[in-house]
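If you want the building blocks of each chain, they are given just below.
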Amino acid sequence: MSIVALGRFQFAMTTIYHYFFVPFSIGTGLVVAIMETMYVVTKKDEYLKMTKFWGNIFLLSFAVGVVTGIIQEFQFGMNWSAYSRFVGDIFGAPLAVEALLAFFMESTFLGLWIFTWKMVSPKLHVTFMWIVTLASSLSALWILAANSFMQHPTGYTIKNGHAVMTSFSALLKNPQLWYEFGHVIAAAVVTGGIIITGLSAFQLLKKKVGNPDFYKKSMHIGLLVALFGSIAVLTAGDLQMKALVKEQPMKFAATEGLYKNSGDPAAWTLVAWANENGHKRVWGVEVPYVLSILAYDEPSGSVKGMNAINKQLVKEYGNRNYYPPVNVLFWSFRIMAGFGTLMLLISLLGLFFTRKKNQLLYRQKWMLWILGLCTFAPFLANTTGWLVTELGRYPWTVYGLFTIKQSISPNVSVASLLISNTVYFLLFTGIGITMISLVVRELKKGPDYEEKLDEEEKRAAKIDPFDKEAFE
Amino acid sequence: MSGLQLLWFILIAVLFSGFFFLEGFDFGVGMAVQSLTHNENEKDQIVATIGPVWDGNEVWLITAGGALFASYPFWYATLFSGYYLILFTILAGLIIRGVSFEFRKNVPAKRKQFWNWTLSIGSLIVPFFFGVMFISMIQGMPIDANGNMSATFGDYINLFSIVGGVAMVLLSYLHGLNYIALKTTGPIRDRAKNYAKFLYGILYIGLVAFAVLMYFETDFFRLHFATTLTLLVLMVVLTVIANVAVMKDAEITTFVASGSTFVALVALIFTGMFPRVMISSISSKYDLLITNSSSSPYTLKIMSYTAIMFLPLVLAYIAWTYYIFRRRVKHAPVLETK
Chain A
1 MSIVALGRFQ FAMTTIYHYF FVPFSIGTGL VVAIMETMYV VTKKDEYLKM
51 TKFWGNIFLL SFAVGVVTGI IQEFQFGMNW SAYSRFVGDI FGAPLAVEAL
101 LAFFMESTFL GLWIFTWKMV SPKLHVTFMW IVTLASSLSA LWILAANSFM
151 QHPTGYTIKN GHAVMTSFSA LLKNPQLWYE FGHVIAAAVV TGGIIITGLS
201 AFQLLKKKVG NPDFYKKSMH IGLLVALFGS IAVLTAGDLQ MKALVKEQPM
251 KFAATEGLYK NSGDPAAWTL VAWANENGHK RVWGVEVPYV LSILAYDEPS
301 GSVKGMNAIN KQLVKEYGNR NYYPPVNVLF WSFRIMAGFG TLMLLISLLG
351 LFFTRKKNQL LYRQKWMLWI LGLCTFAPFL ANTTGWLVTE LGRYPWTVYG
401 LFTIKQSISP NVSVASLLIS NTVYFLLFTG IGITMISLVV RELKKGPDYE
451 EKLDEEEKRA AKIDPFDKEA FE
Chain B
1001 MSGLQLLWFI LIAVLFSGFF FLEGFDFGVG MAVQSLTHNE NEKDQIVATI
1051 GPVWDGNEVW LITAGGALFA SYPFWYATLF SGYYLILFTI LAGLIIRGVS
1101 FEFRKNVPAK RKQFWNWTLS IGSLIVPFFF GVMFISMIQG MPIDANGNMS
1151 ATFGDYINLF SIVGGVAMVL LSYLHGLNYI ALKTTGPIRD RAKNYAKFLY
1201 GILYIGLVAF AVLMYFETDF FRLHFATTLT LLVLMVVLTV IANVAVMKDA
1251 EITTFVASGS TFVALVALIF TGMFPRVMIS SISSKYDLLI TNSSSSPYTL
1301 KIMSYTAIMF LPLVLAYIAW TYYIFRRRVK HAPVLETK
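Protein sequences appear in the order of chains A and B.
Its first residue numbered 1, the first sequence is counted upward by one per residue in my numbering.
Its first residue numbered 1001, the second sequence is counted upward by one per residue in my numbering.
Read the hints as simulated data drawn from the structure, not as lab findings.
Model, not experiment: these values are computed from the prediction.
Treat the hints with care, as some may be off.
[Unchecked claim] Some, not all, of what chain A presents toward chain B, calculated at C-beta under 10 Å: (1) Phe-62; (2) Val-66; (3) Val-164; (4) Thr-383; (5) Ile-436; (6) Ser-437.
For each residue, glycine too, the CB sits at the ideal point set by N, CA and C.
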């Protein structure tokens, strides 16, 4: 096995795993902040219960997100040292700014949020959570600024074989950044809403559920958040795709499985399979007009196929293979977009069937099952979305400037990479299993657990009235 | 060498100092969870002292890494790829330690012990391998003309680097004990001090060994005699101060002194390296220098503006957090009924 293949595998494994927890935390964090705000406004205890119950699940995901996040910053230097030298002048800055502006804020205020329930006023306490949410979004902005440079380099010049920054504001004005940021944040919002909806549905399916109203209310908030997020995702995704046609035509053509130039108007392929070595489509089902509309917002205009784009790229950048893994991209895109649309529909229908007049949903087990199973949908959509973005940039790490093969650390051995890949895999598996079992445990404990714990604490405190240190 | 290059060389040192000063006691407390406590309540008690702050303290490392990447990409690339397995082990340590805070709180009682162990072992691994990394780095590593480092086992692990690793562990443990003494009440507070009193005796031996090995294994005394000697003496003085203070129950002084020892250590390493950032054992021609490893003046300028604007704000809310959590964590007696 080559170091490039092993390095790529590691990048895929660690980022995909990390990215299970990023939108999970940003999204559930937002919902928790909303719930706590409702508590502060209405002063109703049920919202406090919600905040604590879902807050615990948020914290579990946050913990795993934090520890897997450090790997990301380190692995550029460890596995991709040539890349780091090439692009460090530009790429390092947003990472450093992210740590300084976002990570400090996020971790400090999260620490405050967890440990000051009984120390500060509810208003200040909910402010901490909003600051955490803001900081996580800020961190997304900076890391996406770095990624956007890889997708669409701006504000640079090449000097002595290295990319050198000429304009920091160009990095932030990169249109790619704002498409990505909108898409990622909206997707995180959906993820948060759907997770809370889905887990609530699972709870309602249980024969003996202690507090059904608690989960119904949680679900309602989750659905509203998911609906809002879904609309934003679709809008951002649509804009991003239209930019893609111009900026990275190869990626776009691959997600559509288009080898030959399309006709005018362009038909959209619903499902297909490609023979990647032969550069042609084996079979496919097409819908007329739709691709033109998706690409240009009008029922006319043709889309270039990969064969033509490949020729063009060879002319521009030299002779190498520019075909990305077509089937993976084609299907990833459909899974992402399919589940994205599904979540929009589910949140709409969910809200419709839980309206005050007719709460059909709570009586229909199969509906609850669908909602429950939807818990997994955002993870699939988030992962496949990034597969499209990152694999679709093939063969580049920085589009048009630096290739994957050039990027690898030349001094890292196959053995080192095998060891790290194996241990990461084992660690991730162990942590993943623990994480899931703890979420299940939290669900079993239910929302009234915290209250009982508080009472027990009070009782315990009464046992020891002579504790001198209490007066210190 | 430009002023900005020098500034960022110093800032990288400041960030690592901040990391060791703050996360140093987190590591110490983590190790103490399985070595200092007598029961589960005491474990919870000392974990509670770092609960609100450990994550923020770890951000100093992430910021140091990010700043290194941004201001010295060639240093970052050589160091991180060259120390692949060492850094990987550090990451693994940080991972098993980082999740254990949340996991030990939530798992069933019988599994809690497992996550206490991951917390302690992770907290031991990380400072040890940071010590190994920095101390082997200052001895010079096989770095070629392209800045690629291909080292063998003996380059990483040798007598001096092991002494360095053990010293980091000991310093972190002592710093953690001092923090526990400062932040708790009850039997654990006295026990932490007793442990510290004993361990300071060992630290003196370690410091002497460290200084002697530094004389023979590095060029620090030859190139920077005055600063090297001064900073080594400063480390000893700080240790004496901490030792005397712990005898006199001056908890704040002890803690500040043990934390400052890390700062002196980082300063020692960075001044000794100056004006190099990585030393090549193949040829001094291949040394990575401040002048040839940094980012462009423009990037350094942007980074400097950002740091000047936001660092004070960050320091302010971090200080405020410590103020909020200034109270000691009370000792909870074990209940007979449990």
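Of all the hints numbered above, which does this structure not satisfy? Sort the numbers upward.
Hints 4 and 5 contradicted; others consistent.
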